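With the hints as extra help, turn the sequences into a complete structure.
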Amino acid sequence: MTTCIQAKNVGLTFRPKNREPVTALNDFSLEVGQGEFVSIVGPSGCGKSTFLNILLGLIKPDTGLMQLNGARITGPGQDRAMVFQEFGLLPWRTVLANVELGLELKGVEFSIRRHRATELINMAGLAGFENHYPHELSGGMKQRVGLARALATDPEVLLMDEPFAALDAQTRDLMQAELLQVWDRTKKTVIFVTHSIEEAAYLSDRVVIMSARPGRIKQIIKVQLPRPRDYEMRLSPEFNDLKSRIWDVLKEELIDKK
Amino acid sequence: MTTLKSFYNEKEPYILGIGFIALLILIWESTPLWLTLPRGMALFFTTPSKIAGAFYRLLINGEIEKHSYVSAVAFLVGLGLSILVGLPLGLVMGRSRTLDALLDPYVTALNATPRIVWLPLLILWFGIGIWSKIVIVFAGAVFPMLINTYVGVKNVDRVLVNVVRSFGANEWQVMKVVVLPNSLPYIIAGLRLAIGRAILGVVVGEFFGSSKGLGYMIASAATNYKVDVVFVGVAIFMGFSLILTMSVKSLESRLATWRPEATKTF
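Top to bottom, those sequences are chains A and B. Residues in the first sequence are numbered from 874 upward in steps of one, following this note's numbering. Residues in the second sequence are numbered from 75 upward in steps of one, following this note's numbering.
Check before you lean on any hint, since a few could be wrong.
[Stated by the list, open to error] Result set (EDC-like, lysine to aspartate or glutamate): computed pairs, CA atoms no more than 20 Å apart in a straight line: (1) A:Lys979 - B:Glu245; (2) A:Lys1060 - A:Asp1103; (3) B:Lys300 - B:Asp178; (4) A:Lys1116 - A:Glu1035; (5) B:Lys228 - B:Asp302; (6) A:Lys1060 - A:Glu904; (7) B:Lys250 - A:Glu982; (8) B:Lys124 - B:Glu137; (9) A:Lys1116 - A:Glu1105; (10) A:Lys1095 - A:Glu909; (11) B:Lys250 - A:Glu1051; (12) A:Lys933 - B:Glu245.
No wet-lab data here; the hints were simulated from the structure. These numbers come from a predicted model, not from an experiment.
Encoded structure:
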């Protein structure tokens, strides 16, 4: 498998005014292959989101190297797109205009971007809602818009920052299944940050478990479950075994530090 | 009977609102019939019918047109300039720390000073013609415009800015796609304040050192005890302000179709 993302000894310390500096990431190294689905779990404030933001190019690390296909990441780019936790939809834009955002900023011609956005809206199961505003949609539909928007620019890497955390349990299960289908079809490299062990185990090729602050990698667990995965798999003893293995590693971090 | 009742239920706020105005006008009009005012006070008293008569007279002889035109020009040019200056300045001050630090002392000091204190100086500099009024209107209206835009920009949703930046937007695109639409409710509120200040500027500017305009018409009528003419001027200002407030409201509701609920504003 060719390497897509490479993080070498990445470190970042936030220095807010009038407050103690916070080390968000410390000596963080990770390699992710092309088309791989990697989840990151860890205690709150362990730097999971910081890692995504560095990958996205919104923050620069203090130390270390962050590379995409062998080139250092210097800023945001069309080869990466993020799906945000609270959806991050522009409330004054319709579903269609929200999905078009990335293409519009890229300067893609109107008719082409409209065509592409419509395609993705249909794929996301949002047909008929093109002219709705975000406040008229349910949480699950909002995140479908978020996913369609991220996919619209056809990025190589999809970054997902607890994308389903704000959804109810059933919608969440549904969205996970849909995400796996999309991933299977588009072959994107996915970095998926979550608090849910079950979600990480169900979706991923590998699960990265981070330590409490300062964030570093504690252990990486390979998920051996076959694909395509379905909901019934979650009831299997193998799946439960995997979950408890992840939990055992994570538990020490949660209990030690609190 | 039922149709009348349902008609009433449907239009109750309007019927009550208009009915109460009509009642008050009737009481005012009939005051001389049941109350004898002392001579001194009667001089300063007028009735709606006399005001309407004065209005008609002034309309026919072109006085209203002449004065309204001068006031409207001062208002529109002054307000227009304040939007052209206040809005962009508020946007860049909200986004750039350097410009904020550079300009903030002036904005704070000038905004804290009552605009009227500049009037004598403005009359000396710009004369008693229209320019001194335009400048005083501008001075009153530019700050609510600027400050509200600034606050709107400062309150921009950081997540949304990051969303747009993550798609590779430059600063200009961030401004256009997130900052400006996100600040629009603040800007509209600023515009409402600015309109109020601009009308105040027109009136005050024309009260002192002027030879034309509705403010001048009111002030000179008052010195000549023409109370009905004073009321005509007041009524014109009232009508003008109402029309403007309603226009801003309709602009507001047209721009806010994406928002979940509308709140009642005055």
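- Looking back at the hints listed earlier, which ones does the structure fail to meet? 3, 5 and 11
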